[in-house]
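Asker: Letter by letter, the chains look like this.
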Amino acid sequence: HLKKMRKIQLSPKITTTSIATTETSTLTITISSSSTTDSDNNNNTPSNKNKNNNINNNNNSVLELLIAPEENYPNLQSFYQQHIDNEQNNEQESDRQPIVDIINSHNNNNYIYKDKTEYQRKIIQFLIDNKLSLKIVKIPKNPPLTHDLWLEWNKLWPMTFRVHCFSTPLVETLEDKEIVEMNTFMKKAIEQANIGKSLGFNPVGAVLVDPETNTIHGAGFDQTPGNHMNEITNTTTVKYHLSPILSHCTMNLIHQLANQHIERCVQKSGTAGMPALASMQQTPNSEDDAYLATDLYLYITREPCIMCSMALVHSRIKRVIFGAVQPNAGGLGGCLKVHTQKSINHRFQVYHGILENQCKLLFENKNNNNDNK
Amino acid sequence: MNNDNNEIYFSKDIKELVGTEYGDIEKHSKFMKLALNEAKKALDEGEVPVGCVIVHNDIVIAAGSNKTNIKKNATRHAEIEALDSIYLSENASKFGGDKLLSDCKLYVTVEPCIMCAAVLQLAKINIVYFGCYNDKFGGNGSILPVHSIDCFERGHPYNCVSGVMKDQAIHLLQKFYFQENKKAPVPNKRKRIDPDQMINNQDNSSIDQPIDK
Chain A
1185 HLKKMRKIQL SPKITTTSIA TTETSTLTIT ISSSSTTDSD NNNNTPSNKN
1235 KNNNINNNNN SVLELLIAPE ENYPNLQSFY QQHIDNEQNN EQESDRQPIV
1285 DIINSHNNNN YIYKDKTEYQ RKIIQFLIDN KLSLKIVKIP KNPPLTHDLW
1335 LEWNKLWPMT FRVHCFSTPL VETLEDKEIV EMNTFMKKAI EQANIGKSLG
1385 FNPVGAVLVD PETNTIHGAG FDQTPGNHMN EITNTTTVKY HLSPILSHCT
1435 MNLIHQLANQ HIERCVQKSG TAGMPALASM QQTPNSEDDA YLATDLYLYI
1485 TREPCIMCSM ALVHSRIKRV IFGAVQPNAG GLGGCLKVHT QKSINHRFQV
1535 YHGILENQCK LLFENKNNNN DNK
Chain B
5 MNNDNNEIYF SKDIKELVGT EYGDIEKHSK FMKLALNEAK KALDEGEVPV
55 GCVIVHNDIV IAAGSNKTNI KKNATRHAEI EALDSIYLSE NASKFGGDKL
105 LSDCKLYVTV EPCIMCAAVL QLAKINIVYF GCYNDKFGGN GSILPVHSID
155 CFERGHPYNC VSGVMKDQAI HLLQKFYFQE NKKAPVPNKR KRIDPDQMIN
205 NQDNSSIDQP IDK
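For the protein sequence lines, the chains are A and B, in the order given.
Residue numbers 1185 to 1557, in the numbering used here, belong to the letters of the first sequence in order.
Residue numbers 5 to 217, in the numbering used here, belong to the letters of the second sequence in order.
Hints may contain errors.
Which stretches of chain A does chain B cover? Using the computed rule of at least three CB atoms under 8 Å from a CB of chain B, they are [as the list claims (entries may be wrong)]:
(1) 1361 to 1369
(2) 1377 to 1390
(3) 1438 to 1448
Listed below are the simulated BS3-like cross-link pairs for lysine-lysine, each with C-alpha atoms no more than 30 Å apart in a straight line [what the hints assert, rightly or not]:
(4) A:K1372 to B:K179
(5) A:K1452 to A:K1361
(6) B:K31 to A:K1502
(7) A:K1423 to B:K75
(8) B:K140 to A:K1423
(9) A:K1526 to B:K75
(10) B:K45 to B:K75
(11) B:K140 to A:K1452
If you anchor each label on the Cβ, the simulated ranges turn out as follows [unchecked claim]:
(12) A:K1371 to B:D28: 53 to 61 Å
(13) A:D1479 to B:K140: 18 to 26 Å
(14) B:N41 to A:E1375: 24 to 32 Å
(15) A:P1395 to B:N41: 26 to 34 Å
(16) B:I131 to A:H1425: 26 to 34 Å
(17) A:L1335 to B:V64: 31 to 39 Å
(18) A:K1526 to B:D28: 33 to 41 Å
(19) A:K1371 to B:E20: 50 to 58 Å
Please keep in mind that the hints were generated in silico from the structure rather than gathered at the bench.
From the three backbone atoms N, C-alpha and C, an ideal C-beta is built for every residue, glycine too.
Construct the entire structure; sequences and hints are all you get.
Answerer: Below is the structure:
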């Protein structure tokens, strides 16, 4: 039995993807002693060396842990397969010869792993000498995104869970009072969505809220012309401030906010009417020049698309709360995570799932209406 | 939504283009000069100097420059200004709506940001030519390859070509940040060189000539 426990870590490739796929996992080969029953000792984090030492001091168990992508060790894989076969056949005596074959085999595209075959041979030799068994354990490749996942994954692989304060904090961390507030404002957003729906637009609505005073700074709905547009509502009755294809809910709101701001500036400066742009130019560095949505929360029924998400980054929004996820086009987790990009100079908090069912229902009703007509 | 998923949307450098595509380089630099002129307008207005033109059958149908400060709206980028000038004009109904843009080329001095890359998808633009890369917000490969993601129900991915007269685009940006530096209360540790002097010291290649004044 070995007295010293060693841990070999060979590039576990813990890669985080921007797309929220939490269930992908990399295969690892865990070599553990079959004689000792302490299977719990497998739980060694790569980052927690002290813990390893403690276990080492307390137990004299033999343990060698190899953390690596499975495909890097084809020989070990075949050794493992061999081991299982042998166990099934109970042919303990005849297993020597095949294993040597495995060790010496250099075919099966092994030239890629040339530098590792020597290493693998040593491992297998070590296994044979110590009469150890091989076990393959799947461990998560990506860090856990939610608390539930962490609890589940932690059983097989102790890991730290860090809530990314600017990505998707948990609704549970909020106080009840705050959730009640969120619900009231989300209801306002749903009202807006219903107005949009009655005009034949996409049923998406939003409100901009100043969290300090709890006042609504703007409300709007999606205005993109769609296939489901009613014949009554043609483009002439709708006054567009933006290109119709870009008149998403968020873009409308940002535009609305800018217009309000310009109006306020015009009132202050005393010049009436249209020369707003000119007065803006004269005082480009006034204190009102700050980014507009800096202290505001956005409540929106459906996740903003990539364009809108980036527009929110540009507008320096403080927090976004959305109801339903937009799986393919969403920019806040649905398709991409624009708000957590490292190179981007502004990040904001995102909450979702508030009144999710009601937000989803908006879309279902739309389809029903179309069917009726 | 019946797009060919097998289609691969590229992002190439202008120098990677071959054959007839490369033969059009004179035309590309001609339109890019117009975009650079738009960018210069923005610089005069105290905006970040980015400009673009939209070209349909070799005719410029729209132009735009960055107007984020003037309009107090951080989303008023050159591309959106140009699109709005098409769709909000009185003649908007004359154009064939979505079909128009799918025959159009866009020339922009700096790589479209992530937002604008998505905007151009929604506009169903045919191809985008841009000058220098945008290391902070670039949506055509620098940060996220938004141009090639097929994610919009009513959008369409597009090809893009980079590096068209990029030195001039960078020159304008440097000019802007050089100006801004003069106003800064605390002087920077790094000494910045006047880009005008820099360009005079450099040997200019045949394509990358300084902007005509």
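Asker: Each hint: holds or not?
Answerer: Checked hints:
Counting residues of the segment 1361 to 1369 of chain A whose beta-carbon sits less than 8 Å from any beta-carbon of chain B gives 0, not enough to reach three: the coverage restraint is violated. Figure legend: the segment 1377 to 1390 of chain A, annotated as covered by chain B; annotation inconsistent (0 residues with Cβ-Cβ distances under 8 Å, at least 3 required). Here the segment 1438 to 1448 of chain A counts 6 residues with a CB under 8 Å from a CB of chain B, which clears the bar of 3, and the coverage holds. Our distance criterion of 30 Å between C-alpha atoms is broken by A:K1372 and B:K179, whose separation comes to about 46 Å.
Of the supplied pair hints, the one linking A:K1452 and A:K1361 is violated, its CA atoms being roughly 37 Å apart against a limit of 30 Å. Under the criterion of a C-alpha separation no larger than 30 Å, the hint pairing B:K31 with A:K1502 is inconsistent with the structure, at around 44 Å. The straight-line distance between the Cα atoms of A:K1423 and B:K75 is roughly 19 Å, inside the 30 Å bound, and the hint therefore holds. Taking the CA atoms of B:K140 and A:K1423, the gap is about 34 Å. The hint is violated against a cut of 30 Å.
A hinted pair counts as satisfied when its Cα atoms are at most 30 Å apart, and A:K1526 with B:K75 qualifies at roughly 28 Å. A distance of roughly 15 Å separates the Cα atoms of B:K45 and B:K75; the hinted pair therefore holds under the 30 Å criterion. For the suggested pair B:K140 and A:K1452, the alpha carbons sit about 35 Å apart, so the restraint of at most 30 Å is broken. The beta-carbon spacing between A:K1371 and B:D28, approximately 55 Å, falls within the hinted interval of 53 to 61 Å.
As the Cβ distance of A:D1479 to B:K140 is approximately 23 Å, the hint placing it in 18 to 26 Å holds. Between B:N41 and A:E1375 the Cβ separation comes to about 46 Å, which falls outside the hinted range of 24 to 32 Å. Taken as a hint, the range 26 to 34 Å is violated for the pair A:P1395 and B:N41, whose Cβ atoms sit roughly 44 Å apart. For B:I131 and A:H1425, the hinted distance range of 26 to 34 Å is satisfied, since their beta carbons lie about 28 Å from each other.
The hinted window of 31 to 39 Å between A:L1335 and B:V64 is violated, with their beta carbons roughly 60 Å apart. Between A:K1526 and B:D28, the C-beta spacing of about 37 Å keeps the proposed range 33 to 41 Å intact. Checked against the hint of 50 to 58 Å, the C-beta distance between A:K1371 and B:E20 comes to roughly 53 Å, which is consistent with it.
Checked against the numbered hints listed earlier, the structure breaks hints 1, 2, 4, 5, 6, 8, 11, 14, 15, 17; every other hint is satisfied.
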